[in-house]
Amino acid sequence: DAGVTQSPTHLIKTRGQQVTLRCSPKSGHDTVSWYQQALGQGPQFIFQYYEEEERQRGNFPDRFSGHQFPNYSSELNVNALLLGDSALYLCASSLTGDSTGELFFGEGSRLTVL
Amino acid sequence: AQSVTQPDIHITVSEGASLELRCNYSYGATPYLFWYVQSPGQGLQLLLKYFSGDTLVQGIKGFEAEFKRSQSSFNLRKPSVHWSDAAEYFCAVGPISNFGNEKLTFGTGTRLTIIP
Numbered sequence: 001d002a003g004v005t006q007s008p009t010h011l012i013k014t015r016g017q018q019v020t021l022r023c024s025p026k027s028g029h030d031t032v033s034w035y036q037q038a039l040g041q042g043p044q045f046i047f048q049y050y051e052e053e054e055r056q057r058g059n060f061p062d063r064f065s066g067h068q069f070p071n072y073s074s075e076l077n078v079n080a081l082l083l084g085d086s087a088l089y090l091c092a093s094s095l096t097g098d099s100t101g102e103l104f105f106g107e108g109s110r111l112t113v114l
Numbered sequence: 001a002q003s004v005t006q007p008d009i010h011i012t013v014s015e016g017a018s019l020e021l022r023c024n025y026s027y028g029a030t031p032y033l034f035w036y037v038q039s040p041g042q043g044l045q046l047l048l049k050y051f052s053g054d055t056l057v058q059g060i061k062g063f064e065a066e067f068k069r070s071q072s073s074f075n076l077r078k079p080s081v082h083w084s085d086a087a088e089y090f091c092a093v094g095p096i097s098n099f100g101n102e103k104l105t106f107g108t109g110t111r112l113t114i115i116p
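Chains as they are written, first to last, in the numbering used here: chain A, 1 to 114; chain B, 1 to 116.
The reader is advised that the hints may include incorrect statements.
Result set (SDA-like, lysine to any residue): computed pairs, CA atoms no more than 25 Å apart in a straight line [as the list claims (entries may be wrong)]:
#, chain 1, residue 1, chain 2, residue 2
1, A, Lys-26, B, Ile-60
2, B, Lys-61, A, Phe-104
3, B, Lys-61, A, Pro-61
4, B, Lys-61, A, Thr-100
5, A, Lys-13, B, Gly-41
6, A, Lys-13, A, Pro-61
Covered by chain B, according to a simulated footprint, are these stretches of chain A (three or more residues, beta-carbon under 8 Å) [stated by the list, open to error]:
#, region
7, 69 to 79
8, 87 to 100
9, 106 to 112
These aren't lab readings, by the way, just hints derived from the structure by calculation.
By construction, the Cβ of each residue, glycine as well, lies at the ideal position given by its N, Cα and C atoms.
With the hints as extra help, turn the sequences into a complete structure.
Pasting the structure below:
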């Protein structure tokens, strides 16, 4: 049973560019959440997708956008990259209505902005 | 607004010694509390969680945590650490609705180093 998979694992971009990160949820899960983890910090909630719509959003600018596909996989897009966007981006999946509240995390995509 | 404070940035413990990692939270309602562990280059793995009931919860890898409402704390403990426990530990709080896990607020983490 595959867990949460993310791609790419590492990437380097320059300021002003755009990036797309991808996530496949754990088998059977229908909800995907994205978190940003800056160096030395805890993860911060970006947004959550369910039924192909953004269900909740954290305190991130509109440069951060996402998408969920019918197969529940998801993309995170960041436009006009800033140096401060350098971070580990974590995807987490869960099952709607699961009262255990457990999130399953992928290993992340490490983005470096030069 | 919800928040989590982990006052210890870095803790060093001898192998076989006991461990306690501190976590204090601020939350407007009944908190749902979690401890996650992150090894280098890895994602987050759930160690344990508290929703309600018994305030002492058991988790994986021999870890336990105690919820103390009066102190707004949820400290993680282990009676005897192993070298493989070296990692970053995160405490988190979040709402769990009928929908499920909505979002988590994490602390800044405590890095655990184990010395022989």
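Against the structure, the hints:
In summary, the hint linking Lys-26(A) to Ile-60(B) is supported, as the alpha carbons are separated by about 20 Å, within the 25 Å threshold. The straight-line distance between the Cα atoms of Lys-61(B) and Phe-104(A) is roughly 17 Å, inside the 25 Å bound, and the hint therefore holds. Taking the CA atoms of Lys-61(B) and Pro-61(A), the gap is about 38 Å. The hint is violated against a cut of 25 Å. Between Lys-61(B) and Thr-100(A) the alpha-carbon distance is near 19 Å, which keeps this suggested pair within the 25 Å criterion.
Between the alpha carbons of Lys-13(A) and Gly-41(B) the distance comes to roughly 20 Å, so the proposed pair stays at or under 25 Å and holds. For a cut-off of 25 Å, the pair hint linking Lys-13(A) to Pro-61(A) stands: about 19 Å separates their Cα positions. With 0 residues bearing a CB less than 8 Å from a CB of chain B, the region 69 to 79 of chain A misses the requirement of three and the coverage assertion fails. Proximity of the region 87 to 100 of chain A to chain B, defined as three or more residues with a beta carbon under 8 Å from a beta carbon of that chain, is established by the 9 residues found.
Residues of the region 106 to 112 of chain A with a Cβ under 8 Å from some Cβ of chain B number 3, which satisfies the need for three, so the listed coverage holds.
When each numbered hint is compared with the structure, violations occur for hints 3 and 7.
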